[in-house]
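With the sequences and hints as input, model every part of the structure.
These protein sequences, in sequence, are chains A and B.
First residue of the first sequence? That's 1 in UniProt numbering, and the numbers climb one at a time after it.
First residue of the second sequence? That's 1 in UniProt numbering, and the numbers climb one at a time after it.
Hints listed in this document are in silico derivations from the structure and should not be mistaken for laboratory results.
Bear in mind the structure is a predicted one, so any value in this text is a computation, not a measurement.
Treat each hint with caution, since some may be false.
[To be verified] List of simulated lysine-lysine pairs, DSSO-like, C-alpha gap at most 30 Å:
(1) A:K141 with B:K40
(2) B:K40 with A:K19
(3) A:K75 with B:K45
(4) A:K150 with A:K90
(5) A:K166 with A:K62
(6) A:K84 with A:K150
(7) A:K138 with A:K32
(8) A:K141 with B:K45
(9) B:K40 with B:K25
(10) A:K150 with B:K45
(11) A:K75 with B:K25
(12) A:K32 with B:K25
(13) B:K25 with A:K141
(14) A:K141 with A:K32
(15) A:K84 with B:K40
(16) A:K166 with A:K32
(17) A:K90 with A:K19
(18) A:K32 with A:K90
(19) A:K84 with A:K60
(20) A:K166 with A:K150
(21) B:K25 with A:K60
(22) B:K45 with A:K166
(23) A:K75 with A:K90
(24) A:K141 with A:K166
(25) A:K62 with A:K90
(26) B:K45 with A:K84
(27) A:K90 with A:K141
(28) A:K138 with A:K150
(29) A:K62 with A:K75
(30) A:K60 with A:K90
(31) B:K25 with A:K138
(32) B:K45 with A:K19
(33) A:K150 with B:K25
(34) A:K90 with B:K25
(35) B:K40 with A:K166
(36) B:K25 with A:K166
[As the list claims (entries may be wrong)] Just a sample of chain A residues kept apart from chain B, beta carbon distances all over 10 Å, derived:
(37) N12
(38) C16
(39) K32
(40) Q35
Where a beta carbon is used, it is the ideal one built from N, C-alpha and C, also for glycine.
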Amino acid sequence: MTNSPKGFTLNNADSCRVKFARRFLRSLIEIKTRQTNYNNNLSSSPSSSSEIRRRSERIKLKAYSSMAHAVGPRKAWTRALLLKLHNRAKRHRFRTRKRSSLAMVLKKKRVFRVKNHANFYKPAAERGNYSVLNSDEKTEKLRELVPGGKAMDICSLLEETAHFIKCLAMQVQVMHEIADQLSN
Amino acid sequence: MSSRRSRNSGSSRISDDQILELVSKLRRLVPEIRDRPSGKVAASKVLQETCNYIRNLHREVDDLSQRLTQLLATIDADSAEAAIIRSLVTQ
Numbered sequence: 001m002t003n004s005p006k007g008f009t010l011n012n013a014d015s016c017r018v019k020f021a022r023r024f025l026r027s028l029i030e031i032k033t034r035q036t037n038y039n040n041n042l043s044s045s046p047s048s049s050s051e052i053r054r055r056s057e058r059i060k061l062k063a064y065s066s067m068a069h070a071v072g073p074r075k076a077w078t079r080a081l082l083l084k085l086h087n088r089a090k091r092h093r094f095r096t097r098k099r100s101s102l103a104m105v106l107k108k109k110r111v112f113r114v115k116n117h118a119n120f121y122k123p124a125a126e127r128g129n130y131s132v133l134n135s136d137e138k139t140e141k142l143r144e145l146v147p148g149g150k151a152m153d154i155c156s157l158l159e160e161t162a163h164f165i166k167c168l169a170m171q172v173q174v175m176h177e178i179a180d181q182l183s184n
Numbered sequence: 001m002s003s004r005r006s007r008n009s010g011s012s013r014i015s016d017d018q019i020l021e022l023v024s025k026l027r028r029l030v031p032e033i034r035d036r037p038s039g040k041v042a043a044s045k046v047l048q049e050t051c052n053y054i055r056n057l058h059r060e061v062d063d064l065s066q067r068l069t070q071l072l073a074t075i076d077a078d079s080a081e082a083a084i085i086r087s088l089v090t091q
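Okay, here's the thing in structure tokens:
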């Protein structure tokens with residue numbers, strides 16, 4: 001990370017970090033106020049392990065979504081991640097509604113997502129002579145870990161991975177600082 | 001047809017250099033490989049360490065989320081806003 005003088009020029013990484021921190025903190029405040037309202041409406045405040053796990057899951061999802069929003073849709077991994085989170089939220093909303101028989105029928109139907117293996121149909125020469133990397137199982141594992149990785153050619157995959165790692169490390173750093181601040 | 005073939009092989013040669021550069025860029029980002037002073041690291045090793053690094057980061061996010069949940073539960077709502085706003089200012 002470059003040591004830019006604070007207050008003069010905010011490079012991309014700094015502004016991204018600030019945007020993420022603001023969004024994430026705002027989500028935390030929202031979650032906290034929702035929790036206190038929930039607790040006030042109940043006679044006893046439940047802190048069951050399942051409730052704690054659910055809240056932790058919510059915070060974790062908010063962290064990833066804040067990060068993806070802070071970066072913006074200019075990267076393929078953020079677009080893929082935002083789509084995944086959006087679909088997940090939609091499925092959750094659908095699931096928590098009253099279960100009708102129609103819902104049960106829809107649940108049984110499996111929707112097979114058509115994987116965009118556009119890369120596989122290109123001739124080997126176009127994919128680059130680094131075909132060793134292309135068919136490597138480690139490349140496949142990386143494709144699974146990077147959002148949207150399955151549809152990328154090897155060059156884009158490596159580029160997106162580098163940016164993804166940078167942002168993920170920054171997300172961890174900011175979350176750590178927030179936790180330290182709150183525990184004081 | 002032959003011109004197309006030569007164009008393809010030309011682009012694949014460029015891609016090789018690009019891939020080399022991208023792999024070395026990745027190597028600089030992953031602390032596991034970066035801090036090891038050994039000279040050349042194989043590309044597959046870089047990929048493996050990258051995968052491990054990403055999994056570790058996900059695990060850290062998990063742990064931090066749990067820690068934040070506990071912290072949010074224990075502090076008062078009003079002081080929570082104050083603390084959060086304080087950390088907002090110092091960011």
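Hints and how they fare:
A hinted pair counts as satisfied when its Cα atoms are at most 30 Å apart, and A:K141 with B:K40 qualifies at roughly 22 Å. Note on B:K40 and A:K19: the hinted pairing is violated, with a Cα-Cα distance of about 37 Å set against a maximum of 30 Å. For the given pair, A:K75 sits about 25 Å from B:K45 by alpha-carbon distance, which is consistent with the 30 Å threshold. Taken as a hint, the A:K150 and A:K90 pair is honoured in the structure, with Cα atoms around 23 Å apart against an allowance of 30 Å.
Note on A:K166 and A:K62: the hinted pairing holds, with a Cα-Cα distance of about 18 Å set against a maximum of 30 Å. Distance restraint check for A:K84 and A:K150: the Cα-Cα separation of roughly 14 Å lies within the 30 Å cut-off, and the hinted pair is therefore satisfied. The straight-line distance between the Cα atoms of A:K138 and A:K32 is roughly 41 Å, outside the 30 Å bound, and the hint therefore fails. This hinted pair checks out: A:K141 and B:K45 have alpha carbons roughly 13 Å apart, not beyond 30 Å.
Of the pairs offered as hints, the one joining B:K40 and B:K25 holds, with about 13 Å between alpha carbons and a cut-off of 30 Å not exceeded. A threshold of 30 Å between alpha carbons decides the hint, and for A:K150 with B:K45 the separation of about 20 Å falls inside it, so the pair holds. Note on A:K75 and B:K25: the hinted pairing holds, with a Cα-Cα distance of about 17 Å set against a maximum of 30 Å. Only pairs whose Cα atoms come within 30 Å are accepted, and A:K32 paired with B:K25 is rejected, the gap being roughly 40 Å.
For the hint pairing B:K25 with A:K141, the CA-to-CA distance comes to about 19 Å; that is within 30 Å, so the pair holds. Using a Cα cut-off of 30 Å, the hinted pair A:K141 and A:K32 is violated, with the two alpha carbons roughly 37 Å apart. Distance hint between A:K84 and B:K40 is unfulfilled; the C-alpha atoms sit about 37 Å from each other, more than 30 Å. Simply put, A:K166 and A:K32 have alpha-carbon atoms about 29 Å apart, close enough for the 30 Å limit, and the pair holds.
A threshold of 30 Å between alpha carbons decides the hint, and for A:K90 with A:K19 the separation of about 25 Å falls inside it, so the pair holds. For a cut-off of 30 Å, the pair hint linking A:K32 to A:K90 stands: about 22 Å separates their Cα positions. Restraint check for A:K84 and A:K60: the C-alpha separation of about 14 Å stays at or below 30 Å, so the hint holds. Among the hinted pairs, A:K166 with A:K150 is consistent with the structure: their alpha-carbon atoms are about 20 Å apart, no more than 30 Å.
Using a Cα cut-off of 30 Å, the hinted pair B:K25 and A:K60 holds, with the two alpha carbons roughly 28 Å apart. Restraint check: the Cα-Cα separation between B:K45 and A:K166 comes to about 19 Å, which is no more than 30 Å; the hinted pair holds. In summary, the hint linking A:K75 to A:K90 is supported, as the alpha carbons are separated by about 23 Å, within the 30 Å threshold. Proximity of A:K141 to A:K166 is assessed by CA-CA distance (about 19 Å); at most 30 Å being required, the pair is judged to hold.
At roughly 15 Å between alpha-carbon atoms, A:K62 and A:K90 fall within 30 Å of each other, so this suggested pair holds. A threshold of 30 Å between alpha carbons decides the hint, and for B:K45 with A:K84 the separation of about 29 Å falls inside it, so the pair holds. For the given pair, A:K90 sits about 27 Å from A:K141 by alpha-carbon distance, which is consistent with the 30 Å threshold. For the proposed pair A:K138 and A:K150, the alpha carbon gap of about 13 Å is at most 30 Å, so the pair holds.
The straight-line distance between the Cα atoms of A:K62 and A:K75 is roughly 19 Å, inside the 30 Å bound, and the hint therefore holds. For the suggested pair A:K60 and A:K90, the alpha carbons sit about 17 Å apart, so the restraint of at most 30 Å is met. A C-alpha spacing of about 17 Å is found between B:K25 and A:K138, which places the hinted pair at or below 30 Å, so the restraint holds. Proposed proximity of B:K45 and A:K19 is contradicted: the alpha carbons are some 34 Å apart, above 30 Å.
Annotation: proposed proximity of A:K150 to B:K25 holds, straight-line Cα distance about 21 Å (limit 30 Å). Distance restraint check for A:K90 and B:K25: the Cα-Cα separation of roughly 37 Å exceeds the 30 Å cut-off, and the hinted pair is therefore not satisfied. Taking the CA atoms of B:K40 and A:K166, the gap is about 22 Å. The hint holds against a cut of 30 Å. At roughly 11 Å between alpha-carbon atoms, B:K25 and A:K166 fall within 30 Å of each other, so this suggested pair holds.
Residue-level check passed: A:N12 sits 16 Å from the nearest beta carbon of chain B, beyond 10 Å. No Cβ of chain B comes within 10 Å of the Cβ of A:C16; the nearest lies about 12 Å off, and the non-interface call holds. A beta-carbon of chain B is positioned within 10 Å of the beta-carbon of A:K32; the least distance is around 5 Å. At the 10 Å boundary, the C-beta of A:Q35 falls inside the reach of chain B, the nearest C-beta of that chain being 7 Å off.
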